[in-house]
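Protein chains: 2
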Amino acid sequence: MGGKPARTIKSSTVSKPSESIVKTPVDTKGLSVSKSKDLSEWYTQVIQKAELIDYPPIQGFMILRPNGYALWERIQTTFNAVLAEKGVHNAYFPLLIPDSFFKKEAEHAKGFAPELAYIKGTEQGQLLALRPTSETIIYDSFAKWIRSWRDLPMKLNQWCNVIRWEVKQTKPLLRTREFLWQEGHCAFATQQEARANMREMLQAYKKLIEQELAIPVLAGRKSTAEKFPGADMSMTVEALMPDGKALQMGTSHSLKQEFARSFNISFLDQQGVQQGIWPTSWGISTRLLGGLVMVHGDDKGLVIPPRMAKQQIVIVPILFDESKVQVLTQARALRDSLHPFSVVIDDREGYSPGWKFNEWEMKGVPVRVELGPKDLAKQQVVVIRRDTGVKEIVPLGNVKTYIETLLETIQHDLYAKAKHFLDSQIVTASSLKELQKGIKERKLVKVYMVDDPRVEKKLKDATDGATTRLIEEVTKEGVCVQTGEKTYTLAYWAKSY
Amino acid sequence: MGGKPARTIKSSTVSKPSESIVKTPVDTKGLSVSKSKDLSEWYTQVIQKAELIDYPPIQGFMILRPNGYALWERIQTTFNAVLAEKGVHNAYFPLLIPDSFFKKEAEHAKGFAPELAYIKGTEQGQLLALRPTSETIIYDSFAKWIRSWRDLPMKLNQWCNVIRWEVKQTKPLLRTREFLWQEGHCAFATQQEARANMREMLQAYKKLIEQELAIPVLAGRKSTAEKFPGADMSMTVEALMPDGKALQMGTSHSLKQEFARSFNISFLDQQGVQQGIWPTSWGISTRLLGGLVMVHGDDKGLVIPPRMAKQQIVIVPILFDESKVQVLTQARALRDSLHPFSVVIDDREGYSPGWKFNEWEMKGVPVRVELGPKDLAKQQVVVIRRDTGVKEIVPLGNVKTYIETLLETIQHDLYAKAKHFLDSQIVTASSLKELQKGIKERKLVKVYMVDDPRVEKKLKDATDGATTRLIEEVTKEGVCVQTGEKTYTLAYWAKSY
Numbered sequence: 001m002g003g004k005p006a007r008t009i010k011s012s013t014v015s016k017p018s019e020s021i022v023k024t025p026v027d028t029k030g031l032s033v034s035k036s037k038d039l040s041e042w043y044t045q046v047i048q049k050a051e052l053i054d055y056p057p058i059q060g061f062m063i064l065r066p067n068g069y070a071l072w073e074r075i076q077t078t079f080n081a082v083l084a085e086k087g088v089h090n091a092y093f094p095l096l097i098p099d100s101f102f103k104k105e106a107e108h109a110k111g112f113a114p115e116l117a118y119i120k121g122t123e124q125g126q127l128l129a130l131r132p133t134s135e136t137i138i139y140d141s142f143a144k145w146i147r148s149w150r151d152l153p154m155k156l157n158q159w160c161n162v163i164r165w166e167v168k169q170t171k172p173l174l175r176t177r178e179f180l181w182q183e184g185h186c187a188f189a190t191q192q193e194a195r196a197n198m199r200e201m202l203q204a205y206k207k208l209i210e211q212e213l214a215i216p217v218l219a220g221r222k223s224t225a226e227k228f229p230g231a232d233m234s235m236t237v238e239a240l241m242p243d244g245k246a247l248q249m250g251t252s253h254s255l256k257q258e259f260a261r262s263f264n265i266s267f268l269d270q271q272g273v274q275q276g277i278w279p280t281s282w283g284i285s286t287r288l289l290g291g292l293v294m295v296h297g298d299d300k301g302l303v304i305p306p307r308m309a310k311q312q313i314v315i316v317p318i319l320f321d322e323s324k325v326q327v328l329t330q331a332r333a334l335r336d337s338l339h340p341f342s343v344v345i346d347d348r349e350g351y352s353p354g355w356k357f358n359e360w361e362m363k364g365v366p367v368r369v370e371l372g373p374k375d376l377a378k379q380q381v382v383v384i385r386r387d388t389g390v391k392e393i394v395p396l397g398n399v400k401t402y403i404e405t406l407l408e409t410i411q412h413d414l415y416a417k418a419k420h421f422l423d424s425q426i427v428t429a430s431s432l433k434e435l436q437k438g439i440k441e442r443k444l445v446k447v448y449m450v451d452d453p454r455v456e457k458k459l460k461d462a463t464d465g466a467t468t469r470l471i472e473e474v475t476k477e478g479v480c481v482q483t484g485e486k487t488y489t490l491a492y493w494a495k496s497y
Numbered sequence: 001m002g003g004k005p006a007r008t009i010k011s012s013t014v015s016k017p018s019e020s021i022v023k024t025p026v027d028t029k030g031l032s033v034s035k036s037k038d039l040s041e042w043y044t045q046v047i048q049k050a051e052l053i054d055y056p057p058i059q060g061f062m063i064l065r066p067n068g069y070a071l072w073e074r075i076q077t078t079f080n081a082v083l084a085e086k087g088v089h090n091a092y093f094p095l096l097i098p099d100s101f102f103k104k105e106a107e108h109a110k111g112f113a114p115e116l117a118y119i120k121g122t123e124q125g126q127l128l129a130l131r132p133t134s135e136t137i138i139y140d141s142f143a144k145w146i147r148s149w150r151d152l153p154m155k156l157n158q159w160c161n162v163i164r165w166e167v168k169q170t171k172p173l174l175r176t177r178e179f180l181w182q183e184g185h186c187a188f189a190t191q192q193e194a195r196a197n198m199r200e201m202l203q204a205y206k207k208l209i210e211q212e213l214a215i216p217v218l219a220g221r222k223s224t225a226e227k228f229p230g231a232d233m234s235m236t237v238e239a240l241m242p243d244g245k246a247l248q249m250g251t252s253h254s255l256k257q258e259f260a261r262s263f264n265i266s267f268l269d270q271q272g273v274q275q276g277i278w279p280t281s282w283g284i285s286t287r288l289l290g291g292l293v294m295v296h297g298d299d300k301g302l303v304i305p306p307r308m309a310k311q312q313i314v315i316v317p318i319l320f321d322e323s324k325v326q327v328l329t330q331a332r333a334l335r336d337s338l339h340p341f342s343v344v345i346d347d348r349e350g351y352s353p354g355w356k357f358n359e360w361e362m363k364g365v366p367v368r369v370e371l372g373p374k375d376l377a378k379q380q381v382v383v384i385r386r387d388t389g390v391k392e393i394v395p396l397g398n399v400k401t402y403i404e405t406l407l408e409t410i411q412h413d414l415y416a417k418a419k420h421f422l423d424s425q426i427v428t429a430s431s432l433k434e435l436q437k438g439i440k441e442r443k444l445v446k447v448y449m450v451d452d453p454r455v456e457k458k459l460k461d462a463t464d465g466a467t468t469r470l471i472e473e474v475t476k477e478g479v480c481v482q483t484g485e486k487t488y489t490l491a492y493w494a495k496s497y
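As you go down the protein sequences, you meet chains Z and C in turn.
Residues in the first sequence are numbered from 1 upward in steps of one, following the numbering used here.
Residues in the second sequence are numbered from 1 upward in steps of one, following the numbering used here.
Some hints could be false.
No distinction is drawn between identical chains; accordingly, a pair holds when it is met within one copy or between any pair of copies.
Computed cross-link-like contacts, EDC-like style, restricted to lysine to aspartate or glutamate with a CA-CA straight-line distance of at most 20 angstroms [what the hints assert, rightly or not]:
1) K120 - E349
2) K400 - D452
3) K433 - D299
4) K120 - E477
5) K495 - E85
6) K378 - D99
7) K120 - D99
8) K103 - E200
9) K417 - E107
10) K440 - D54
11) K120 - E166
12) K155 - E485
13) K256 - E107
14) K207 - E322
15) K460 - E226
16) K35 - E472
17) K35 - D321
18) K168 - E41
Hints in this document: simulated from the structure, not taken from any laboratory.
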C-alpha cells in the first residue's frame, strides 16, 4: 500500500441532520506538543481530548468517560471468558475492611498502611478502611468456606474499585487514588498448585496484553525487595513506555502460607490431617489503558488497536446537497455490509470533512472510510489507516475483505512496532558504571545481581531511584555488579511509572 | 405431565472422582422453617444455604458469593444490551463526592444527609462523602461537557457500588449499607424529553423484571411525599412479596431543572439562547435478587427462573461401579446435545443421589435430569421440574425438545403464579376503616387519595406505618378517604421492605 497523495476535500454545508451518532465534538484544536518532545504533557492532552478521562474536583481521582470505560469493558469481556474457562467464579466482597485485618500479617500491614483511607467514626469499635486490595476480607471468608480437600481449589475473582491514598504525584490511569481492577484470589492444597496458578494467570495477562492491547511485555518474577507485601513470590508483566520508563501491567502472587494461617484457614486433607492452604492473588487494572495510550498514540492523538476498539471503522460521507441522498444511502449499505465489524457513519452537519477526520484521528478509530460523490460514480471508497495514515482506493465490492485484512494488519503492525522498540531498548551491563549509563540513557538494563534487598538498595541509590522490574533465573553464571559474587539471577533495571 | 411416583434411588459408592464440577457441598440439612410460617427466617436461611450471600464481619454489609453474583451478572448483561440500544453510554465517576455538592440542592441534601458516610480527615479542606448516588458529581461534569444543543441528549450510566449508612435494620440484598447498582443519568433540552426518558426507562425495568426475573410489577408514579429528593417526578416499579409487603424494584426520576441549575449546567439552544437542561436518573440494584428469592423460593430452597439461571440443567448420573463408564458417557453426550443451554453434570463421589437432589433443589436449578443404568437400558431419562417437582420419563431422543419447551413453561408458570398472587392481593378501600383493615390483612390497598404530603402523613399514622407505593391517575373521579375531597388520584398502600 503506497502513500497516495492526500485528497483535497472541500468543506461542505449540508442542510439537515440525518443520522447523528456523535454529538459532542471533541476539542480538536489538536495537541500543542509532540509525543517525542514532552510525553507527559502529550499524554495529559490526549487522554482528555480523546475523551478517555476527565478530572473530577477531588485530587488524585479520575472520571472514566465513555471512550475510556469502553476500553475497560473490552478488557472485562475478554478476561471474563478466560476466567470462566479456568474455573474462576466472580463474586463481590465489601468495600470496607476492618483495620484489624491488615494487622494480622506484618508485611501486608507495613506495605499498605501508608495508603489506607478510613471511614469517619467507628461502628461497634471497628475502625474501617476502604479496600486497597482484598486478601484479608476474602481470607476471613475462606476460613468459613474451606473445610476439606473437597473445597479446594477455591478460585474467586472480583471486578471492583479500590482506594489507595497515594502520596506520590498522581496521573490519570497510571496512578490514581481510586482505580478499577480485577483481583483474583485462590486457595490451593499445595504450594506446587499455587505456584502453577500464579504462573498460569501471569501467562493469561501476557496473552491478553500482547494479543488484545498489542503491547509486548516482559514476564518474570519480582525481586525479594519488590514483591507484594505478604507474598512468598510475586510475578509481573512489564511494558516499556516511549520515554524508557517501565510500566507494571499486571502482577500475580503466590502468598505465604502464614498469611492464610493468620486468618485461621485450614482444611482436612484426604488422610484426615489438618493442613494450611496456599493462596494466590493476581490483578490487572485501568492502568492498562494508560499503557495503551502511551505505547500506540501519536501526534494526531489516540491509536486504538482494532481488537480493543469499540468503534473499528468510521465512514465519513462527503456530503453535497445534490448527491447527499445517494452518498448516504451508499454509506449505510456499506456499513451494513461490514457486519460484524463495528461501524459508525459520521454525517453530522456543520462540520467539514477535514474537521471530522481530525476528530476521529484524535479518538484513535483504526480505520476511516471516505465516500464522496466522485467515489460513488467510480464505485470506490478511500480507506485510511489510523496508525500509518496510508490511504488506499478500494473498489466497493472489495471493501469488506480489504478491511478485514487491514484490521488484522494494523493489530499486527502495532504490536510489531512496539516489540521492535522494546527489543531495541534492552541493554546488558556488566558493571555498576554501565548500569548507571544505561539508566541515564533511559534503557531497560539487564545486569547480574544477587537477589538480596540490601544489594538492590545500594544499586537503587546509585541509579537515581531506578528499580528492578523483574528477575530472570538463567542457567549461565554471572557476576553481581554490586557484590562481585557469582549468581544465576539477572535483574532488569529501569525507571518506572 | 402427571405426577409420577418418586423413584427410589439407592445411595451408591463410586470409586474415583471423574468430573467434579461443584466441590463445596452446601449445608443441606435443609431449611428449618417453612416459607409460609416465617418468611423472614426462611429468607435468611435460603440466601445462605443456596450460597447467594454470606455475612462479612462488618455490620450491615454483605458478600455476594458466586451464585449470587451470577444472578447480578445476568441482569447486567441483559440490561447492558438495553442501554446500548437506547444510546446510553457506560462510564465511571469517583466513589468520593465533596460534601459541599450535596448541599447545593436542599431536598437532595435533606434526603441523603442521614445516610452519608465520610472519609477521615480532609484533603485541601474538602470533606468527602462516599457516594450514596451520583447525581451531584455527574452534574459537576455535565456543566463542563454540555455547551450547546448539539451535546444533548447526554445519556450516561454507571455500574458501581454505593454506600448508604442505613440506621434501620439491614437485611442482605434488601437493605444493606453497601449495594451494587446501575445509575443512569441523562440531560435533555426539554422537560417533555426528560419525562419521556423517565417513562421509557421505567418500562425497560418493568420488562426486565417481568420477562427475565418472572416477577410481575405495578408501575406508576411516586406520591409527592415519596418522590426522590430533588425530583420533579419519580416513577417506580413495585413487586409484592409473599408476606404482603411491597418491594420497590426500580425507580426512574425526572429531576428539577433547578437541581441542574445549581451546578451551573446550561446550553445554547438552536436560537443561541442560554437554557437550563432537564435531567433524569434511574436505577436498579442487587435488591432485585432479594425479590427473586422471596417471590419464587419454596421450602426446598431457591427457585431460579430459567432465563436468570447460570446453570439451567443439572444431570445427576446414578453411578454403580459396573455401569459407571456407560452412564457417564451417555450423560456427557446428553450434556453436549443440550447446547446452548447451560448444563452441569454432578458426578461427585461420596454423595448419594438423594443428597445431590437436595443440594440442587436448594440452589434452585430449574431442571434436573436423572440418568441411571436402567434408564440407559431403556434409552430414557427422568426429568424433574424444580418449581413443581413434577417428574417425567422422556425418551433420550426427545430430551432436547422436551427441555426446551419445559424451560419456557417454567419461566411462564413462575410469572403466572406470581401474577395470580399479586392480583389476588389488591383490594379497593373506600374508607379509612377499609384501608386500615386491608393493611392489617397485609393486602395492597387501593384508595382514592389527594396527593398531598399532609394528607398522606395522616393516613400513614393511621395505618401503622404503611406507605403509598405508587399513584395512579384515573379518569373516574373518586373521594379521598382522608379529606373527603374529590380526586382523580388512586394511591396503592402497603407495608414495605
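Cross-check of the supplied hints:
1. When the C-alpha separation of K120 and E349 is checked against a cutoff of 20 angstroms, the pair qualifies neither within a copy, at 52 angstroms, nor between copies, at 50 angstroms.
2. Taking identical chains as interchangeable, the C-alpha atoms of K400 and D452 are never at most 20 angstroms apart, the minima being 56 angstroms within one chain and 62 angstroms between chains.
3. Neither within a single protomer nor between protomers do K433 and D299 lie at most 20 angstroms apart by alpha-carbon distance, with minima of 35 angstroms and 75 angstroms respectively.
4. Proximity of K120 and E477 under a CA criterion of 20 angstroms is satisfied in neither setting, with 55 angstroms inside one chain copy and 52 angstroms between copies.
5. For the identical chains of this complex, K495 and E85 are neighbours neither inside a copy (36 angstroms) nor across copies (45 angstroms), given an alpha-carbon limit of 20 angstroms.
6. For the homomeric pair K378 and D99, neither the shortest alpha-carbon distance inside one copy (71 angstroms) nor that between copies (62 angstroms) is at most 20 angstroms.
7. Proximity of K120 and D99 under a CA criterion of 20 angstroms is satisfied in both settings, with 13 angstroms inside one chain copy and 13 angstroms between copies.
8. Taking identical chains as interchangeable, the C-alpha atoms of K103 and E200 are never at most 20 angstroms apart, the minima being 30 angstroms within one chain and 50 angstroms between chains.
9. Taking the shortest alpha-carbon separations for K417 and E107, neither the intra-copy value of 40 angstroms nor the inter-copy value of 56 angstroms comes in at or below 20 angstroms.
10. In this homomeric assembly, K440 and D54 never come within 20 angstroms of each other (Cα to Cα): the closest approach is 33 angstroms inside a single copy and 53 angstroms across copies.
11. In this assembly of identical chains, the alpha carbons of K120 and E166 lie at most 20 angstroms apart whether taken from the same copy (19 angstroms) or from different copies (15 angstroms).
12. In this assembly of identical chains, K155 and E485 lie within 20 angstroms of each other by CA distance neither inside one copy nor across copies; the values are 41 angstroms within and 63 angstroms between.
13. Taking the shortest Cα distances, K256 and E107 sit within 20 angstroms of each other inside one copy (10 angstroms), while across copies they are farther apart (51 angstroms).
14. Within a single copy, K207 and E322 get their C-alpha atoms no closer than 51 angstroms, and across copies no closer than 44 angstroms, so neither meets the 20 angstroms cut-off.
15. With identical chains, the CA atoms of K460 and E226 are at most 20 angstroms apart within one copy only, with a shortest distance of 12 angstroms there and 62 angstroms across copies.
16. Taking identical chains as interchangeable, the C-alpha atoms of K35 and E472 are never at most 20 angstroms apart, the minima being 32 angstroms within one chain and 60 angstroms between chains.
17. With identical chains, the CA atoms of K35 and D321 are never at most 20 angstroms apart, being 40 angstroms at best within one copy and 69 angstroms at best between copies.
18. In this homomeric assembly, K168 and E41 come within 20 angstroms of each other (Cα to Cα) only inside a single copy, at 18 angstroms, whereas the closest approach across copies is 50 angstroms.
Of the numbered hints listed earlier, those contradicted by the structure are 1, 2, 3, 4, 5, 6, 8, 9, 10, 12, 14, 16, 17.
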